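Q: Turn these sequences into a full structure, and let the hints guide you.
One gets the working numbering by counting positions in the sequence shown from 1 and adding 1100 to each.
For the record, the hints were derived by calculation from the structure and aren't laboratory data. Keep in mind that the hints are not guaranteed to be accurate.
What the hints assert, rightly or not - Label-pair distances were calculated between CB atoms; the ranges are:
(1) S1116 <-> E1273: 35 to 45 Å
(2) F1193 <-> A1151: 31 to 41 Å
(3) A1197 <-> V1166: 21 to 31 Å
What the hints assert, rightly or not - For lysine to any residue, the following SDA-like pairs were computed, each having C-alpha atoms within a straight-line distance of at most 20 Å:
(4) K1300 <-> L1179
(5) K1200 <-> S1168
(6) K1200 <-> G1147
Because the structure is a prediction, the values reported are computed rather than measured. No residue lacks a Cβ here, since even glycine has one placed at the ideal position from N, Cα and C.
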Amino acid sequence: MTTTRHTLLVLAHPRSDSLTAQVAARVRARLDEAGHTVDVLDLYAEGFDPALRPADEPDWEDREKVYSPVVRDHMDRMLTADDIVVVFPVWWFSVPAILKGWIDRVWNYGFAYGRSRPRLAGKRLLWLGLMGGTAEQIGSMGMETVLDTTLRVGLSAWCGIPDATVHVLYGTELSSVSPGLRPARVAEVLAEAERALAAKLAETPGGVLAR
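A: Here it is, written out as C-alpha cells:
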C-alpha cells in the first residue's frame, strides 16, 4: 500500500519567469505526477520578510518561546511536510537573502534545534541550487563544497535531518548562451532537476539524528 506524502516546495527567486521558477514548476509537476500533495511556498510572492526582529530572536533560556504568528505558520507548514524541496539561485557563494532570512526566522531554537529529539527528524530534504558557471569553474572555486557544508552539515544535519542532499544545477546563466540554443539548455537543466528529485524520492524515508 502506497502512502501519500506531502511536500513543502520552497522557491526563492524574485521573478516568476526565471529559470529558478521554471525548475520549481517542473518539480511541482513531477511531485503531482508521483501522487504527492504539494504546498508551494514562494517566499517573494508571499511577501516574506527576511529580517530577524526581536519577536523571532531565539531565547537561549527559553526553548518554548512563542514566535511571531507568521513564523509559527511557517513552522507548521514544515512540520506537516514529509519532504522538503528548496529551489534557489546561488548568489555570492550562498543562498539569497530572503532564503537566509527564512532559515534565520523559521529554523529557530526550540523548533528546528535545541531538543534531544529534533522535531524535523524523519523528513527528506533536497536543496536545488542553480549556479551560472560550469562544473569545472565552480569546482575550481570550491563553491559547491561551501554550499554543501553550510546546507547539508551546518543546517540540515544539525536540525536532525540526515536525509539531506545538496544538488547543484550548473550552467544556468543563460545570457552566455545564444538565443537559438537557450531552449535546449533550459530543457537540460529541467531534466537534471527531475533526475535529482527522482533520486531523492527513491531514498528510504527516515533517519533520526539525536542530540
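Q: All the hints need checking, so say for each whether the structure fits it.
A: Status of each hint after checking the structure:
no. : hint                        : result
1   : S1116 <-> E1273: 35 to 45 Å : violated, 19 Å
2   : F1193 <-> A1151: 31 to 41 Å : violated, 22 Å
3   : A1197 <-> V1166: 21 to 31 Å : holds, 26 Å
4   : K1300 <-> L1179             : holds, 19 Å
5   : K1200 <-> S1168             : holds, 17 Å
6   : K1200 <-> G1147             : holds, 14 Å
Hint check: violations occur at hints 1, 2; the rest are consistent with the structure.
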